[in-house]
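In order, the protein sequence lines correspond to chains A and B.
So for the first sequence, the working numbering puts the first residue at 1; every next one is plus one.
So for the second sequence, the working numbering puts the first residue at 1001; every next one is plus one.
Do not take every clue at face value.
Calculated from the model, a selection of chain A residues having no Cβ within reach of chain B, i.e. all distances over 10 Å [as the list claims (entries may be wrong)]:
| hint | residue |
| --- | --- |
| 1 | A38 |
| 2 | T45 |
| 3 | V55 |
| 4 | E190 |
| 5 | I192 |
Covered by chain B, according to a simulated footprint, are these stretches of chain A (three or more residues, beta-carbon under 8 Å) [unchecked claim]:
| hint | segment |
| --- | --- |
| 6 | 78-89 |
| 7 | 155-169 |
Hints are computed from structural coordinates only; laboratory data are not their basis.
Every residue, glycine too, gets a C-beta built ideally from N, C-alpha and C.
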Amino acid sequence: MTTTGALNLLVCLRAPPPQVEGDALGRADALALAHAFALAGDRHTVTALLGGISVEEGPLRVALAAGADRAVRVAADDLTGADFHTIGQVLAIAIRRIGGDLVLTGVRSDDEGLGAAPAAIARHLGAPFIPCVEQIALAPGETRAVEVVTRGGGRLRRLRAKLPAVLSVAAGPAASATRRKRAGDAPAIEVIPLSDPESTVVRRRTELLGRLEPASRGVETVTSAAALVAALDRR
Amino acid sequence: MDRPAPGRHDERFETRRPRRFLPNLLVPIDLRDGEPTPPSLFALAEGRRVAHVAGVTVYAIAMSDRDLDGAVVAQLGRAGADKVLLCEGAALGAPPLDATHGPALLAAVERISPLLVLFPAGGAGLALGPTLAARLGAAFAGLADIEVATSGPLPEGVGRVYLRRWRAGRSAYRRLDPVEIERPVVAILGAGVLDRPVGGEGIDVEVIACAPPKESPVTELASEPDPAAQVPTSRVLVIVDPSLGAEARSRLAADAPEGVAVVDREAAAAAIAASAPEIVIVVGDADLPSLGTPRGRVGAILLGDATTPPARGIDVLWRVPATLAGEALWSEIAGALTAVASRRSP
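Isolated chain A, as found in the complex (with noise of 0.2 Å):
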């Protein structure tokens, strides 16, 4: 937090999968990205953070246009091959240098679609992790904590997180929500070196250890409600 009580919102994108082309943000990062301008306003600050090299800096470019006040990339080379623990870690270290205090994600931000990756950058952090968030809002009267409504349990809950914390974005704004104009052009990306020396990741491949075998499966198509359930309930 800065010594004005300003917020600095951090949100994590992944980088784009090989076969995306030009600039673009996965529809869970867009999510995150809205709920942060909604809750930053022009008060509080929201960097943009994302890990991978500089091919894959699109989101960081749309999060600039939409209104970011800063992008940051971490230079890593391979994270598209690293388990949601090494991402956790280089994610965090990277936090910890920013000074996040408030970390928003996807709710399955991560190349595996696994949705791991916030609660691993939570363990880093030492922070609180709440998942599938659909509002969120600074509590009233305190500087350093939010409201947030989420479900669990069979209840809807309301639920107030001291900060720093990490959240993942299941529902909430428009995604396509953008921020105020910046007057002037967008501030460059600025890159984090893993090569830190004061940063030490551990870089493993837990998942990828897992074999990979192709999704063969034919689509059937059928004519009619009652032969679709038919078929898709067949044991």
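Since the structure of chain A is provided, determine the placement of chain B on it from the hints.
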């Protein structure tokens, strides 16, 4: 899990193995109003199914602020648990969060050193699974099926457990064998219903007294029943394109049988994200959410241009001209949904 002989847990064998590789399978049980959810019983039954071949002991872990009812213990036994670990503590009666329940779960897990932790669908898995995996250094499989391999260099009748999950985009399966990757695997299973008893009622309960965290960084301000509570635990999830209008969703939901949830894709986005259905049916377009397991089945009722290619991962497809969208079509689909096999827990 490479066992010299098939069968149940063997204490003599356990003492010869490194503690990290104890052949234990844990199922954290989701309790709603004191009762285990259907996916919890299904997860136990899945554990029991592989236990016979792979020789693992199945533990049910319950977290509660009070003692477990004897009928619930018997229910867990019938579903396949060998033993029950009850983490009992003041804050553990609330819906699970890592800040309140994580330490209690870790205490239980450290006591029995599991090779596999299987969270049931629609429960604590999203809140506790990734953080548990992060603490254990385990692999995590978001939505997975559990299978047994019986081929390869194994004695007859012996199998090895592995998990299968989709990669993002449903481009391929990932197969995780905890012995092969030399670390435990934490997974969330797909939804299902146990339709017959697979175990006995006479099982032991071990109680772990859990003190609440001294100062939790997360506190509850308010709580109310979730109107979409049945969505994450549903075996069949019908996702309706919001552009079809509220009438379409209402009509489809009107006669939906037990275990079938019908939701608006946008309005129920959070509940959908927490779901792990066995069968998914998308109605209206092919904007397929990333959910379900490889064993699950995905159907699509696409309205509009017949040349639109279906999304990857669809198993059964019915194309309908857009002009037919209306009451007659919704009635036909609703009628078909009533035929979804009804399965109840014993």
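Each hint tested on the structure:
Against chain B, the non-interface label of A38 of chain A holds: every CB pair exceeds 10 Å, the least being about 16 Å. Distance check for T45 of chain A against chain B: the nearest CB is about 22 Å away, which clears 10 Å, and the non-interface claim stands. Its beta-carbon lying about 19 Å from the closest one in chain B, V55 of chain A satisfies the requirement of being farther than 10 Å from that chain. Annotated as non-interface, E190 of chain A keeps its C-beta farther than 10 Å from every C-beta of chain B; the closest such distance is 27 Å.
With a least beta-carbon separation of about 22 Å from chain B, I192 of chain A lies farther than 10 Å from that chain, consistent with its non-interface assignment. Here's how the segment 78-89 of chain A fares: 4 of its residues keep a CB closer than 8 Å to some CB of chain B, so the rule of at least three is met and the hint holds. Three residues within the 8 Å Cβ limit are the bar, and the segment 155-169 of chain A against chain B gives 9, so the coverage statement holds.
In summary, this structure violates none of the numbered hints.
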